[in-house]
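Asker: Next come the chains, spelled out residue by residue.
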Amino acid sequence: MSEALTGSPVNPDAAVSVRGLRKVFGKFAAVDGIDFDVRRGEVFGFLGPNGSGKTTTIRMLTSSITPTSGTISVLGEDAVKHPDRAKLRLGYMSQKFSLFEDLTVDENLRFYGGVYDLTAEQFAERRAYVLRMAGLEGRESELTRNLSVGWRQRLALGTATLHSPEIVFLDEPTSGVDPTARRRFWDLLYDLASNGVTLFVTTHYMDEAANCSRLAFMYRGRIIADGPPREIRESLLTERILDVSTGDADRSLTWLESADGVHEAYLSGASVHAVVEAGLSPETLTARLVAAGFADARVVPVDPTLEDVFVNLVSQQRGA
Amino acid sequence: MNASLTRIGAIVVKEFKHLIRDPRILLAVLVTPIMQLLLFAYAISFDVRDLSTVVVDQDQTPASRTYLQSYTSSGFFKVVGSVDSVDAIDAVFQSSRARVAVVVPAGFQEAVDRGDKAQVAVYVDGGDPNSARIGQGYAVALNQVAGQKITATWAARQGLDLSQAGRLDVRVRTWYNPDRSSSIFLIPGLVVVIIMIVTVQQTAVTLVRERALGTQEQMTISPLRKVELMVGKLLPWTILAFVDVVLITLMGLTMFEVPLRGSVLVLAVSAALFIFASLGLGLIVSAISPTLETANLIAMMLAFLPAFLLSGFAFPLDSIPLPLQWLSYLFPARHMVDISRAVFLKGAGFAEVSGPLGMLAVYAVVVLALATVLYGKRAR
Ligand SMILES: Nc1ncnc2c1ncn2[C@@H]1O[C@H](COP(=O)(O)OP(=O)(O)OP(=O)(O)O)[C@@H](O)[C@H]1O
Ligand SMILES: [Mg+2]
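Protein sequences, first through last, are from chains R and B. For the first sequence, my numbering assigns the number 1 to the initial residue and increments by one for each residue that follows. For the second sequence, my numbering assigns the number 1001 to the initial residue and increments by one for each residue that follows.
These are calculated hints, taken from the structure and not from any lab test. A quick note: this is a predicted structure, and the numbers were derived from the prediction, not measured. Hints should not be assumed to be uniformly reliable.
Straight line, CA to CA, 25 Å or less: simulated BS3-like cross-link-like pairs of lysine-lysine [said to hold, decoys possible]:
| id | chain 1 | residue 1 | chain 2 | residue 2 |
| --- | --- | --- | --- | --- |
| 1 | R | K96 | B | K1017 |
| 2 | B | K1017 | B | K1226 |
| 3 | R | K96 | B | K1226 |
Only chain R is shown next, with the shape it has when bound in the complex:
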C-alpha cells in the first residue's frame, strides 16, 4: 500500500496525508521516508518497537517539530507551511503525562479552556462533559498529582479534547495503565470515534491494535506494513504459527531457535510461539520435542495474532 502512495501528492481530503516524510537528528534518520493516509473517522493504529520513530512522527504531524523533508497535510492544511492553521482543530495527548501536576483537575481544564479561547458557555459545557466522561465529577479540586494513572490518562484525554477537535493524536495513551482502566479508556476512544473524531493512536499493546480500523507498523523509521488488522494477519498465511507449551519455556525456546524448519521462536505468555514452514505439522514437532527430552510437550496450531505478525515482520526486516 505505501508503495502505491510514494511519489503521489498528498490527499487533502484525508484526515492526515503524509508523503516522503523524514526527520534526521544529526546523522540519524529517526523517520526515514514514510507515506500514509489516515481517512476521516478512522481509528488509525501506529505501531512499532521502542525508538522506531512513532513519537517523532506524531510531533511532526502536530507541527511541534518541523520535518527535515516531506509533505504533511492535516485536515487539509499544510502542516509544514502553515503550522498554525489546523491548531484549533486537532488535539494531542503526549506520551508523557503533560498536565500541570501542581494544579487541580479544574485548574488544568480552565487553563486549556483559556488557551483555546473557549467562551464561558462553551467551557462550562465542555468541562461538564469531560468531567462526566473521565469519571472525575466531584474530584474537580483534587491536585492532578494525586490522581492514579488511569484517572490521569482520562483527564489528559479530556483536556486534549476540550476544544472538540476533529482529530486527536494519542501517543501510547495506555502505557502503564492496568487492563481494566485500559478497557475503560478504549471505550472512551470508541465514543469519540462514533462521534466522527479521527483517532491516531500509537501503542505497544497488540490487543489494542486489533481495536483499530487500520494499522501501520513502524520499524527503524520506516513503515514496514500497513492495512486493516485482518489483512495484515492474513499476509502471514504462507507460514504457520504453532503454540508450544512444555514445562520449561526458556529451555524449549533455546531448542526451537535452532530446530530445523522453525523460522522464528519467541515467548508468548507462558508458552513459546514458533513460526514454522507450512510443511511442518504439529505432530511431527511434538515427536521431535519429546525425543529431545520435553516429555510433556504440547503443540497446537494457532491463528497468528498481531504480535506474531509483528515479530515476524521485524525478523524479516532484520534478515533483509
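With chain R held as given, fit chain B with the ligands onto it using these hints.
Answerer: Then chain B with the ligands, alone, in the frame of chain R:
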C-alpha cells in the same frame, strides 16, 4: 489569530497557581530578599565599625585630642595606637596593623578657634583591594569624602573626615550621605542587586521546567503564541519584583532611615524597565539552557556576578580594570544602581537620569525580543 487576553490571562493565572502551590518559590522571592537586605546592611555596617586605625597627632592640643577621641567613640573605628609622623603610616599599612590613619596637622586648634576650616587628613589603605572588608570601607570613605570642605592632602590616597562625629564645630557637610551610615549608601544599590538575583534566577528555570515536564509541547501545539506565553510568564514576576522593590524600599526608609529625595514615579518607571530587562535575561537563559542545572548555573553567573561585582553597588566601578568597566555596561544592574542612588540620595528627576534610563529601555526591548526569538528556535 490575534494576541488574546484570554490566553495571556490563562498563563498568568496558571503561573500564580504554581507560586501558591510551591511555598519555596514564594519564600525565595519574598522572604529571602528581606534576609539578604538585613544581612548585607548589617554585615556591611559592622565591618565599617571595626576598621583598625592609627592616629597621628601633630597638634597635641586639647582640641586635637578631643577630635581624635571622637574616632574611638564613634564606633566605626578601632584605634589601635598612634605614630609620630606621616611617613610612619606606610610601615603601619604594610604590616597591616591598621587600615586607616588619621592625621591632625599642627595648627588644628588655632584654626578651630578662629572658626576656619580645620584641616585633617585621613588615609585609607587601598593596597588590599580584594578584601571585601576594606573594599567596602573604602567605598564608604570615597563616598564620604565627596563634597567635604575639609581637604585631603595626600593626592595618591583618599581623605576621610569624621569630625562631625565628635563635638568639634567644624562646618562639614557630606552631600549624599550626611550621617555617614554605609547602609544609606548601600541600600539603594542593594535593591537593584536583590531584584536582579530574584528575577533572573526565577525566570531562568521557568521555560526549562515546562520543557522538561512536557507541558511546553502541549502549549506549542495549542493556538498559544510565543508572545502571549512570554507576556503571560513575565507579568506575575513583574508584579512580584515590584512587591520586592516596595518592600525593600520601605524597609530602607524605615529601618535604615534611607532618604527618598527623588520622585517615586522616576523610581517606579526605572524599576519597571530594569525588571523587564532582568526578566528578559532570565528568559533568554531559560530558552537556551538544555537542563535545569545549566539554567541555574548560567543564571547565577549572569545575575550574581555582574550584580555584585559590576554594578557598583559596593565596589566603586572606577577602581576595577578597564575591560571589566566596559563589561559592566553590558548588564542592566549598573545603570539601575546609578539611577537608584541618584533618585534616593540626590533627588534626581527624569532629566538627570535620562542617560542610564535610556540604556535600560533599549536593553529591555532588545533582551525581550531576543528571548522571544530564541524560545521559538529551540523547538525547531
Ligand atoms: N530530539 C531528538 N534528538 C535526537 N534524537 C532523537 C530526538 N528525538 C528522538 N530521537 C531519536 O529518534 C528515535 C526515534 O524516537 P521516537 O521517540 O520517535 O521513538 P518511538 O517510536 O516513539 O519510541 P517509544 O516507543 O520508545 O516511545 C530514537 O532513537 C530517539 O533516540
Ligand atoms: Mg514514543
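Asker: Against the 25 Å threshold, does the CA-CA distance of K1017(B) and K1226(B) hold or violate the hint?
Answerer: Holds - the C-alpha atoms of K1226(B) and K1017(B) are around 21 Å apart, at most 25 Å.
Asker: Going straight from one Cα to the other, do K96(R) and K1226(B) come out at no more than 25 Å?
Answerer: holds, 22 Å
Asker: For K96(R) and K1017(B), compute the direct alpha-carbon distance and say whether it is at most 25 Å.
Answerer: holds, 22 Å
Checked against the numbered hints above, the structure breaks none of them.
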